[in-house]
Amino acid sequence: MTLPQIKPSILWVHGWGMSPNIWPHAIGTDIAEPIGQPEALLPGWRHSYFTYEGCSTGEQMVRHLHSRLSEEKPDAVVGWSLGGMLLLRCLADELRSGRQFTGSMRGGMPLVILAGTTLSFTHPDRTYGWPRRIVERMRAKAEAEPWAVIEQFAEAMLTGRMHDTRLVDQVKASWGTTDFSREGLYAGLSYLIEEDLQRAWVEILTPALKSGALHLLWLQGEEDGICPIGAVPDTGEGWQKAVFPRTGHLPFLERTPEFYQRIKEFLHEYLEYR
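With my numbering as the guide, the letters of the sequence shown map in order to residues 2 to 275.
These aren't lab readings, by the way, just hints derived from the structure by calculation.
On a predicted model such as this, the values are computed, not experimentally measured, just so you know.
No residue lacks a Cβ here, since even glycine has one placed at the ideal position from N, Cα and C.
Heads up, some of the hints might be wrong.
Claimed, not checked - Listed next, with one range per pair, are the computed distances between beta-carbon atoms:
1) 173 with 238: 29 to 35 Å
2) 234 with 133: 17 to 23 Å
3) 134 with 44: 20 to 26 Å
4) 153 with 235: 20 to 26 Å
5) 44 with 133: 41 to 47 Å
6) 145 with 211: 32 to 38 Å
7) 241 with 55: 40 to 46 Å
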């Protein structure tokens with residue numbers, strides 16, 4: 002009797018105000034299920050999707066993601082925008098504790114893919130981030146008009162790309178089914194205002210990357226106006242960076258074939274890919 006082959010698993014963590022169906026491979030799938038069906042863009046993998054449901058503080062978001070990583074022990078995890086920042090925080094906390102998320106098919110930490118993210122969302126220089134006062138203004142407005150703020154943020158993601166109706170429709174569909182509550186939207190903006198991962202990157206994550214305890218691929222759009230490329234660290238030992246030209250905050254929608262191909266190549270380096 003031939004035993005069924007166990008497929009590697011990958012967890013997807015979306016960003017502020019959106020929903021899991023922002024990912025191209027999630028379109029038309031039942032994302033309410035903990036493990037979705039293998040998708041055409043990444044065949045041979047089991048997919049699961051993070052949710053912000055029930056999260057009303059940034060601390061709860063971090064704890065919830067930590068729980069998902071500990072329980073599911075995915076072989077790889079993709080974090081976009083806020084999702085990428087939460088992922089880096091979880092990894093840094095786990096490495097600091099000395100425990101690490103072991104138990105995947107690789108027997109170590111999950112392979113990490115970041116997309117359109119940053120170490121610090123706010124910065125006085127727009128080359129590196131958003132002015133703090135702008136995000137604070139959005140947060141104040143989110144208490145009374147949360148959906149207007151989501152729309153404003155989505156339009157910022159689509160700056161210079163409103164002519165691409167497919168892209169616009171996909172983003173609208175995602176924010177229309179957001180899994181953020183009103184409190185969660187406020188908390189997410191607070192997290193973006195307050196979180197600064199630069200020290201954790203230098204003192205915890207970089208040594209783990211250099212030692213081979215952690216493997217990371219950072220995918221970034223050259224024209225990302227939400228998480229500017231200027232804030233992305235210079236490539237160092239133990240991790241890779243790929244920059245997509247003429248691409249904004251949504252590389253997985255704007256450069257779908259290239260985005261998924263780059264992920265496939267990265268996964269193939271460290272895990273037998275079928």
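Among all the numbered hints in the text so far, which are the ones the structure does not match? Hints 1, 3, 4, 6, 7 not satisfied by this model.
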